[in-house]
Every structure is written in structure tokens, then in C-alpha cells.
Amino acid sequence: MSQKRVGVIGGGQLAWMMATPAKKLGIKLIVQTPNPTDPAVAIADDVVLGAIDDAQATAKLAQKSDLITFENEFINLSELTKLAEQGVKFFPSLRSLSPLLDKYEQRKYCASLDLPVPCFQALSKNNSDLDFPLVLKARRHGYDGQGTFIIPDADSLASMSKLCQQVPMLLEEFIPFERELAVMAARNQAGEIIIYPVVETYQKEQVCRWVLVPAPINSFIVNQVKAI
1 MSQKRVGVIG GGQLAWMMAT PAKKLGIKLI VQTPNPTDPA VAIADDVVLG
51 AIDDAQATAK LAQKSDLITF ENEFINLSEL TKLAEQGVKF FPSLRSLSPL
101 LDKYEQRKYC ASLDLPVPCF QALSKNNSDL DFPLVLKARR HGYDGQGTFI
151 IPDADSLASM SKLCQQVPML LEEFIPFERE LAVMAARNQA GEIIIYPVVE
201 TYQKEQVCRW VLVPAPINSF IVNQVKAI
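Heads up: the sequence shown begins at 1 in the working numbering, then just goes up one per residue.
No wet-lab data here; the hints were simulated from the structure. Keep in mind the model is a prediction, meaning the values are calculated, not measured. Where a beta carbon is used, it is the ideal one built from N, C-alpha and C, also for glycine. Wrong hints could be hidden among the right ones.
Claimed, not checked - DSS-like, lysine-lysine: derived pairs with alpha carbons at most 30 Å apart:
1) K4 with K28
2) K23 with K60
3) K64 with K89
4) K28 with K82
5) K82 with K4
6) K89 with K4
7) K4 with K60
8) K204 with K23
9) K4 with K24
10) K4 with K64
11) K82 with K108
12) K60 with K28
13) K64 with K24
14) K204 with K108
15) K108 with K24
Said to hold, decoys possible - So the derived label-pair ranges between C-beta atoms look like this:
16) F220 with E79: 24 to 34 Å
17) S128 with E85: 40 to 50 Å
18) V211 with D66: 29 to 39 Å
19) P34 with R209: 21 to 31 Å
20) S124 with F174: 11 to 21 Å
21) V167 with Y109: 27 to 37 Å
22) N223 with A42: 37 to 47 Å
Produce the entire structure from the sequences given, and follow the hints as far as they go.
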């Protein structure tokens, strides 16, 4: 049986961390990434140089891969849908990714599932019923705190709104949380799901400085996290 070839859209740290388990499973990794110095380039079996949202580069990636997966959500969904219609296999499916690309749509999707979400609304000229402080977030392409701003008052909101006129933004309730938890779950093509231990992450200056495994939390909170 020939070796499985998995294409990865994105060549950052997450793709880089796929290398060791991929080799254990006998999987070749081919990455699509814009920069030859990106982390995953050093460990990839093959590389397609191109922007994450470059569907033409993804078409080249598809020629080298049996299946394509994603390192992040910074993709061009409409163009990838055309590739899927031509037979390119994506996992997870593009349908699964659809509600996750835009943070406002993420919030709407989670709310539709009755999951706990902060009060939120899309930034517009007519935002109302707001209690400060607020959090202003870029709806797309924000990560690790990038594209996220704490808004203390109405004057600050007016100033930031002018600066962000060309960028779709999300306004949401400020949550004075005590700690930040994260959990990773994986589902295979047979529908089997594995939930990994809940971790605590510490962020400083918009960068994750350390991760504590397992998180120092009680079993009630662990079960809440796993249920979500």
C-alpha cells in the first residue's frame, strides 16, 4: 500500500507539530505556505509556496496529496469549494469550517447550540445597549490577541470605529475571567472522538507564554469543558 500523503494549508508551528506523529503513522506531509522560512518547511516532505488563501496554490497542493487539512482558518472558502466540487478531498469538511472563519458567525453558531457566549454584536454605526468596558475584535484573521482591543468608553469606541472602517469587527461583552482554559478534541473519518486533557494557558503581551497540563481545576469544570 502506498504511503498516505496529507496536504496542510499553512506552514506555521501547528503544521510543524504534525511532523513527528505523521512520521509515526507513515504519513507524508506536504505544506502550502507563503514563506520558505516558515517553521513547517523544515520538516515537510514537500512544499508548495503560496499564500494561505491562494486557491491556485491549493490546487497544486491537491495534485501532491491524497487529502488536505488545515493549520488555520485564514482560507478562501468560496474558491476551495470549487476545488471540492472538482473532487479535491478536505478534512475536516469545508462545511465544518464554514461557521468558524468569522468570529461573529462563530458566536452566532455557538449561541444556536445553546453554548455559553458573551453578549455580542457586529460593529456598526448604530451599536446600542452597550455596557463598557467592551472587547473589539477583528472578525477574521485575528489570533493570539492580535486584532483584539479593550474599549473602556464611548469615546474610545468612536475612535477605534474610525480606524477600523474597512475591517469587519465584532463587539462583545468584557468577561473578567480568572484563567484561560483550552482543550483539543480530534475526530477521525469514522466519527470517533478523542478529547485531550484540559490545559491552562497564560498570555502576556498577546503571546502564549506557558501551558499547564493538566489545568488545576476541579472535575466539575473539566466535565463542563468536555461537554462543550
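Each hint, compared with the structure:
no. : hint                       : result
1   : K4 with K28                : holds, 6 Å
2   : K23 with K60               : holds, 23 Å
3   : K64 with K89               : holds, 12 Å
4   : K28 with K82               : holds, 25 Å
5   : K82 with K4                : holds, 24 Å
6   : K89 with K4                : holds, 13 Å
7   : K4 with K60                : holds, 17 Å
8   : K204 with K23              : violated, 33 Å
9   : K4 with K24                : holds, 12 Å
10  : K4 with K64                : holds, 11 Å
11  : K82 with K108              : holds, 26 Å
12  : K60 with K28               : holds, 16 Å
13  : K64 with K24               : holds, 20 Å
14  : K204 with K108             : holds, 28 Å
15  : K108 with K24              : violated, 39 Å
16  : F220 with E79: 24 to 34 Å  : violated, 44 Å
17  : S128 with E85: 40 to 50 Å  : holds, 42 Å
18  : V211 with D66: 29 to 39 Å  : holds, 32 Å
19  : P34 with R209: 21 to 31 Å  : holds, 27 Å
20  : S124 with F174: 11 to 21 Å : holds, 19 Å
21  : V167 with Y109: 27 to 37 Å : violated, 21 Å
22  : N223 with A42: 37 to 47 Å  : holds, 40 Å
Hint compliance for this structure: hints 8, 15, 16, 21 are broken, all remaining hints hold.
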